[in-house]
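Novice: Chains as they are written, first to last, in my numbering: chain A, 1 to 640; chain B, 1 to 640.
Worth flagging that the hints you see were computed from the coordinates, not collected in a lab.
Keep in mind that this is a model prediction, so the values were computed, not measured.
It is possible that part of the hints are untrue.
The list makes no distinction among identical chains, and a pair is therefore deemed to hold if it is satisfied within one copy or across any two copies.
Said to hold, decoys possible - Cross-link-like lysine to any residue pairs, in silico, SDA-like; alpha carbons within 25 Å at most:
1) Lys426 / Gln554
2) Lys60 / Val153
3) Lys296 / Asp110
4) Lys213 / Asp494
5) Lys570 / Asn285
6) Lys53 / Glu389
7) Lys190 / Gly619
8) Lys421 / Tyr586
9) Lys107 / Ser380
10) Lys141 / Gly527
11) Lys107 / Arg553
12) Lys60 / Ser416
13) Lys592 / Ala474
14) Lys102 / Gln555
15) Lys175 / Ile415
16) Lys107 / Tyr586
17) Lys53 / Asp110
18) Lys592 / Pro117
19) Lys592 / Thr219
20) Lys516 / Arg320
21) Lys141 / Val83
22) Lys570 / Tyr315
23) Lys592 / Glu620
24) Lys107 / Ala575
25) Lys463 / Glu86
26) Lys296 / Cys94
27) Lys426 / Asp481
28) Lys102 / Gln209
Chain by chain, the residues:
There are 2 protein chains.
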Amino acid sequence: MFQTFFGSRVQTSKPITTIESQCDLLIIGAGPAGLMAALWASRYGIHYRIIDKRPMEILKGQADGIQARSLEIFESFGFVERVERECHMSVEMCFWSPDESKDEGIKRQDRVPECIPGSSNYGQVLLHQGRIESFLVDAMKETSDIQVERGVVPEELRFDRSKAEDHAAHPITVKVRHSPEEDAAAPREKIRAKYVVGCDGAHSWTRRQLGFKMEGEQTDFVWGVIDLVPITDFRVIADIRQACSIHSVSSGNILLIPRERKLVRIYVQLTDITTADGTAIERSNIKSEMILEAAKTIFHPYTLNWGYIEWWAVYQIGQRLSNHFDDSNRIFLAGDAVHTHSPKAGQGMNVSMHDTYNLGWKLCSVLRGLAHPSILSTYSAERRTVAQELIAFDHRFSRLFSGRPARPGSDEIGISVEEFKAEFEKSLLFASGLSVNYAYSALVAKPANTNNEDDEPQALLAKNIRLGMRFPSAQVLNQADARPWQFSRFLRSDGRWRIILFAGNIASTPQLDRIKDFCSALSAPTGLLQQHTASSQKIEMLVEILTIHSSPRQQTNLLDLPDLLHPFDKEAGWAYEKVFVDDWSYHQGHGKAYEKWGVDPERGCVVVLRPDMYVGFVGEVEDAEGLRTYFAGALLGRKE
Amino acid sequence: MFQTFFGSRVQTSKPITTIESQCDLLIIGAGPAGLMAALWASRYGIHYRIIDKRPMEILKGQADGIQARSLEIFESFGFVERVERECHMSVEMCFWSPDESKDEGIKRQDRVPECIPGSSNYGQVLLHQGRIESFLVDAMKETSDIQVERGVVPEELRFDRSKAEDHAAHPITVKVRHSPEEDAAAPREKIRAKYVVGCDGAHSWTRRQLGFKMEGEQTDFVWGVIDLVPITDFRVIADIRQACSIHSVSSGNILLIPRERKLVRIYVQLTDITTADGTAIERSNIKSEMILEAAKTIFHPYTLNWGYIEWWAVYQIGQRLSNHFDDSNRIFLAGDAVHTHSPKAGQGMNVSMHDTYNLGWKLCSVLRGLAHPSILSTYSAERRTVAQELIAFDHRFSRLFSGRPARPGSDEIGISVEEFKAEFEKSLLFASGLSVNYAYSALVAKPANTNNEDDEPQALLAKNIRLGMRFPSAQVLNQADARPWQFSRFLRSDGRWRIILFAGNIASTPQLDRIKDFCSALSAPTGLLQQHTASSQKIEMLVEILTIHSSPRQQTNLLDLPDLLHPFDKEAGWAYEKVFVDDWSYHQGHGKAYEKWGVDPERGCVVVLRPDMYVGFVGEVEDAEGLRTYFAGALLGRKE
């Protein structure tokens, strides 16, 4: 299905027999963040290792919430259908609070969609972290024979900072033990690596070696979480398959999240759990029975029973952020290792995967000699900002769920249903992962010092394609065979940059001339394409050009467009899969793609997507120089 | 993903060491028809064997056209996404004929969609038969360890017709050689079987053993077919990715079918190929160069070259039909073994799979003791009619493609573009496989002796759900979690019958009472459900009830509906996945399912689907007696 960046499969390095070894990239931790880094490395054909101290995969508990943005990323790696087949889709959120018409009990007060309609082709779904990890592992296998090494524990990290600027060097040495248990006789190995990525969780060993600090606060809110198959008459069973927040008058709060396999995850606030004599119970002494008892009380007058309990845990809410995300751009931290927060918004697994989705292609591009090492600094810049936003979001979100309901009349401390609903709706875009907006850098050609590019000329060219944000999808037709597609199907995470040429109305000769000029400028010896590839290499391996025009399909001839837009191969003929049209389809209506993207259907524009599908550049079709400058800031020059 | 009919995986029988063995079902031939039969047997947990004389799978050539109806069947077995990922979708057909504005050359005169918009969620696609076979084999593995035995050649068939009515007997003995080559020393095995299905192709060994005759005609039209990756300027390359018919003035005709992997299949009429001295060339002497030369001439003035030729063949059109489809309802023939015709309409693989899709569940139901052996006779009745229609269709279709274009002015022999287009459009519904309409039988409760049920009272209950035809899909929402679904996702080929209860407006008390009465009648000791299952068995394993109501989702409580419609399990709680609603969705609009199906949203109705999703019964909600009678005609009574 997939080809690697250089076409051949990556072979496993020799079995570990030596006490010392070397690799380009060492990934510590094989959770979602570590596996996402490994998946990129597999796609780019990097010589990497991925180790995890746990001897086994995770089978239950842990994370389960998957955002729309994560599903888009899974689509780009080719396995989103596997998630869709097994997941529970969370369509609606219901708000329950005290029933004011009675003296007791709770009432459903309102409901809202869990995902903003039209924001993505995907919504919010639930599927156990272990399934996601196994999909990531299977996707790795498509382009690499490298496997996760489990039961391998890091014991010592050394970093020769004097070589931090030498990107050919292996300045990091990690000593590992090939045994999950403490065992002096277990084999040890010293792994020398060019780069290390620590994805080893909230108690990150890597972070402690680097001496980074988690900064933030711990609240008093103690919550229990339990996965069970409920048997209940809660709102005559329907709401048990909807996400629900339940605020009781004085018995605490519940967040209820239906999951796959008829499971429901119930988060229960436990702050007020006390022993018989009224003293608070220590967190470590809380048992599952207490969580269930508290839940039953909040559910009243509905009943809560269960056929099967799969997993449970107790946690205290804290929002904390590491003071650094990297050491000298050679050792990186990602995921829970650098940000911890409440699990209730279902953000953890997503933001963690997005960290390494951001880092992975940059590291691999540098390792393959394609990109300037300077781009590595954008990882901390881009992802630490997101982590800060996440912490702020979680702070607000946790307060919402942990507060008590407002009493009728004026009550400034309690939270009213209206306030709750308004806050929840505000949080939806952030929670979907679609609002991430990376700031100006070598990789995002927008005005420095502002995220508000609305007044800039680029913003007028493509009103809904925002610099620094992910590229949204729309339905287009293949010009040659008229098949309708979501354009996102062609934005594959295969390591390539993409120039999206909105060719506009090519039935007009002046516009077609602009497109021809654009292609000539790109193909010229001093042009962008000649500058950034080895002479032996096809440019399509590094930068793919996809064209979307707005002329009527049936009146357009593919060969009228320059060859560059549908390259010729003497065995395979012309490429038919690179030119699309925004037109009416027989079976699926009109995609209105230009309108959705906010692009002028006459004049079009040029958009550059980074390998992670974030928008790096938007310009006029004439702006070959802007394009050249943009790529020169990220990619290395031609090698003969 | 799937469970078998009785929950446990089927194990492979012992390795063949004995000279005699026994199985319930022997399938001869592992092409699409044989594998479809095997897939059913795997789902029902039948002890079956499937043998094929060829030592290897097919890797190129052969069939590639896949109809909408076949894709619906693949969806029901859970692998349609695999086809969609690899196939070419054929959206449009272009008609080329002589360019009358000039003295020579051809011109695109018109185009039409290849599939009738709105007729199915799927269209016409192309994917090599070998891929389809491997998807079928993978699907078999989900519920069985039985594998295709290749290189096994049948040598002798004996059938003890005196035991034809004894369905516990093994009246058929097939002697096989475990070697693809003639070899006296190769091991032989005598397989005794209850039933045999011969899917061994146009030259069927099984058919010859039974002495059945292929009846029909052979025409003079000789065609060549070639799979290649073209390099051409044909209509400036766009049309080479559209299906095209090309009628030249006097150089013959082409049918051009783009396929997956940039391949194009070109059918070229070769009738007029002669040697230098003008005598016709024998079919067996035709070479690929001659096909290509003829194609080039027809293409003129466009060029035709190629980067790669994958496969080619020569055939003579004939439409022939076997005089029998079964012997005593113990030995059955299916696929090319009973009908041969031109490959150009892309029907062969489809109709062959549909033969055994029809036969498989019936045989398996009888073998499992669930259904009356008498239902087996519906196979020949239903499928021989389809085969006759296919032959008639192919006759018309071949004439279209083999005729010469009409000359300007009056020309009764030639075919005008208008006539061609009109005939082609008429053929679309048949070609999609969606127009199959099985006649009255124990399995189709419609008036005998007519296929026109429009005047019957059932037709008024569900105007677009036609007795004897496949059940069409529509978008509905899950009542409990509001997720939108194509209803077809729940019509899985898992061996179950389905009662689709259109519950209508259950917000109205009288209507809800009708639904309650319906459920009581079904559940009563003398009711349908108690009559047809062993007491230890859950009724849902044999008949699944799916409910679709039309009241507003947000005002409906699942528990208001009788338990029968969302059965309770003490471990898993209530079933949330069986009640749907025709309502508006946040992200995908309103399915308007009742309107699409033509069902009264107030009163609803009851529809029964056979395990192959053909409509067997339509009745009023009160018609428990009609329902009972229908099932009594097909299913055996209760076993204690």
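Novice: Against each hint, give a clear statement of whether it holds in the structure.
Specialist: Now the hints, each set against the structure:
Taking identical chains as interchangeable, the C-alpha atoms of Lys426 and Gln554 lie at most 25 Å apart only when they sit on different chains, with a minimum of 23 Å there against 44 Å within one chain. Taking CA atoms no more than 25 Å apart as the test, Lys60 paired with Val153 passes inside one copy only; the shortest distance there is 22 Å, against 49 Å between copies. Proximity of Lys296 and Asp110 under a CA criterion of 25 Å is satisfied intra-copy only: 22 Å inside one chain copy versus 69 Å between copies. With identical chains, the CA atoms of Lys213 and Asp494 are never at most 25 Å apart, being 35 Å at best within one copy and 56 Å at best between copies.
Taking identical chains as interchangeable, the C-alpha atoms of Lys570 and Asn285 are never at most 25 Å apart, the minima being 72 Å within one chain and 30 Å between chains. Taking the shortest Cα distances, Lys53 and Glu389 never come within 25 Å of each other, neither inside one copy (30 Å) nor across copies (65 Å). Taking identical chains as interchangeable, the C-alpha atoms of Lys190 and Gly619 are never at most 25 Å apart, the minima being 49 Å within one chain and 75 Å between chains. With identical chains, the CA atoms of Lys421 and Tyr586 are at most 25 Å apart between copies only, with a shortest distance of 17 Å across copies and 41 Å within one.
In the homo-oligomer, the alpha carbons of Lys107 and Ser380 never lie at most 25 Å apart, since the shortest distance is 45 Å inside one protomer and 60 Å across protomers. For a Cα distance limit of 25 Å, the shortest separation of Lys141 from Gly527 qualifies neither inside one copy, at 37 Å, nor across copies, at 54 Å. Taking the closest pair of Cα atoms, Lys107 and Arg553 come within 25 Å of each other only across two copies (18 Å); inside a single copy the shortest separation is 55 Å, beyond that limit. Taking the shortest alpha-carbon separations for Lys60 and Ser416, neither the intra-copy value of 35 Å nor the inter-copy value of 67 Å comes in at or below 25 Å.
For the homomeric pair Lys592 and Ala474, the shortest alpha-carbon distances inside one copy (8 Å) and between copies (24 Å) are both at most 25 Å. Taking identical chains as interchangeable, the C-alpha atoms of Lys102 and Gln555 lie at most 25 Å apart only when they sit on different chains, with a minimum of 21 Å there against 68 Å within one chain. For the identical chains of this complex, Lys175 and Ile415 are neighbours neither inside a copy (52 Å) nor across copies (80 Å), given an alpha-carbon limit of 25 Å. For the homomeric pair Lys107 and Tyr586, the shortest alpha-carbon distance between copies (23 Å) is at most 25 Å, but the shortest distance inside one copy (47 Å) is not.
In this assembly of identical chains, Lys53 and Asp110 lie within 25 Å of each other by CA distance neither inside one copy nor across copies; the values are 45 Å within and 65 Å between. In this assembly of identical chains, the alpha carbons of Lys592 and Pro117 lie at most 25 Å apart whether taken from the same copy (17 Å) or from different copies (19 Å). Taking the shortest alpha-carbon separations for Lys592 and Thr219, neither the intra-copy value of 48 Å nor the inter-copy value of 49 Å comes in at or below 25 Å. In this assembly of identical chains, Lys516 and Arg320 lie within 25 Å of each other by CA distance neither inside one copy nor across copies; the values are 53 Å within and 56 Å between.
In this assembly of identical chains, Lys141 and Val83 lie within 25 Å of each other by CA distance both inside one copy and across copies; the values are 17 Å within and 21 Å between. With identical chains, the CA atoms of Lys570 and Tyr315 are never at most 25 Å apart, being 62 Å at best within one copy and 30 Å at best between copies. Taking identical chains as interchangeable, the C-alpha atoms of Lys592 and Glu620 lie at most 25 Å apart only when both belong to the same chain, with a minimum of 21 Å there against 44 Å between chains. Taking the shortest alpha-carbon separations for Lys107 and Ala575, only the inter-copy value of 24 Å comes in at or below 25 Å, while the best intra-copy value is 59 Å.
In this assembly of identical chains, Lys463 and Glu86 lie within 25 Å of each other by CA distance neither inside one copy nor across copies; the values are 36 Å within and 34 Å between. Proximity of Lys296 and Cys94 under a CA criterion of 25 Å is satisfied intra-copy only: 18 Å inside one chain copy versus 66 Å between copies. In this assembly of identical chains, the alpha carbons of Lys426 and Asp481 lie at most 25 Å apart only when taken from different copies (22 Å versus 42 Å within one copy). Taking CA atoms no more than 25 Å apart as the test, Lys102 paired with Gln209 passes in neither setting, with 58 Å inside one copy and 82 Å between copies.
When each numbered hint is compared with the structure, violations occur for hints 4, 5, 6, 7, 9, 10, 12, 15, 17, 19, 20, 22, 25, 28.
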